[in-house]
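Trainee: If you want the building blocks of each chain, they are given just below.
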Amino acid sequence: GAVVSQHPSWVICKSGTSVKIECRSLDFQATTMFWYRQFPKQSLMLMATSNEGSKATYEQGVEKDKFLINHASLTLSTLTVTSAHPEDSSFYICSARGDNTGELFFGEGSRLTVL
Amino acid sequence: AQSVTQPDIHITVSEGASLELRCNYSYGATPYLFWYVQSPGQGLQLLLKYFSGDTLVQGIKGFEAEFKRSQSSFNLRKPSVHWSDAAEYFCAVGFTGNQFYFGTGTSLTVIP
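In order, the protein sequence lines correspond to chains A and E.
If you're matching positions, the first sequence starts at 1 in this note's numbering and goes up one per residue.
If you're matching positions, the second sequence starts at 116 in this note's numbering and goes up one per residue.
If you are wondering where the hints come from, they were derived from the structure by calculation, not from laboratory data.
It cannot be assumed that every hint is accurate.
[What the hints assert, rightly or not] Result set (DSS-like, lysine-lysine): computed pairs, CA atoms no more than 27 angstroms apart in a straight line:
hint, chain 1, residue 1, chain 2, residue 2
1, E, LYS183, E, LYS164
2, A, LYS66, A, LYS41
3, A, LYS64, E, LYS176
4, A, LYS41, A, LYS14
5, E, LYS183, A, LYS55
6, E, LYS176, E, LYS164
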């Protein structure tokens, strides 16, 4: 199956700093990627849909100025958590569609800890 | 409202015993159906998927799932559980558009 890779897997940062997480589709082109956030022991919550060459579409309640998404190429989407605070600590997962059937391929996830 | 329900938050089974994880969905049409597994601190791995055709689908690691349209269910089964199957399991439904919905997950504990 298609491969989606995230980097970094783990990141610890100080409160007030910004952190960038990359999501790459390694063996296919993805015009659309998705960013999820997962709290401990909970399901995945869709944050935003990243569209190549255009602005991301954010879900209700997600601050677009805090969670900046850029999808500059067909194989790369980035999520930047700006001015991070401890409550932004979470597990962030990206995914991409491999074809027209609707299946999503997931990255390994990135755990962010804000001190 | 559209939803995906996994009624069991946590299940404990003995190694070697059979397993069934429940999933129900509420949509007007038959969506694409998926089961994913997540180990602690890891991303999601696809176990199996149903798009159309045979309602009993086989997946990886010995898992299977059966789509029952009349019950709007897509339950995951395994005849004999291994200790390495302990993980979080998510049922999901998707459409050809951008909608993709996850259930709340079922945590599986396997007792030696």
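Trainee: Next step is simple, just say for each hint if it's right about the structure.
Mentor: Tested hints:
1. E:LYS183 x E:LYS164: 14 angstroms, holds
2. A:LYS66 x A:LYS41: It holds: about 24 angstroms lies between the C-alpha atoms, which stays within 27 angstroms.
3. A:LYS64 x E:LYS176: 39 angstroms, violated
4. A:LYS41 x A:LYS14: Within the cut-off at roughly 24 angstroms; holds.
5. E:LYS183 x A:LYS55: Cα-Cα ~39 angstroms, so violated.
6. E:LYS176 x E:LYS164: 14 angstroms, holds
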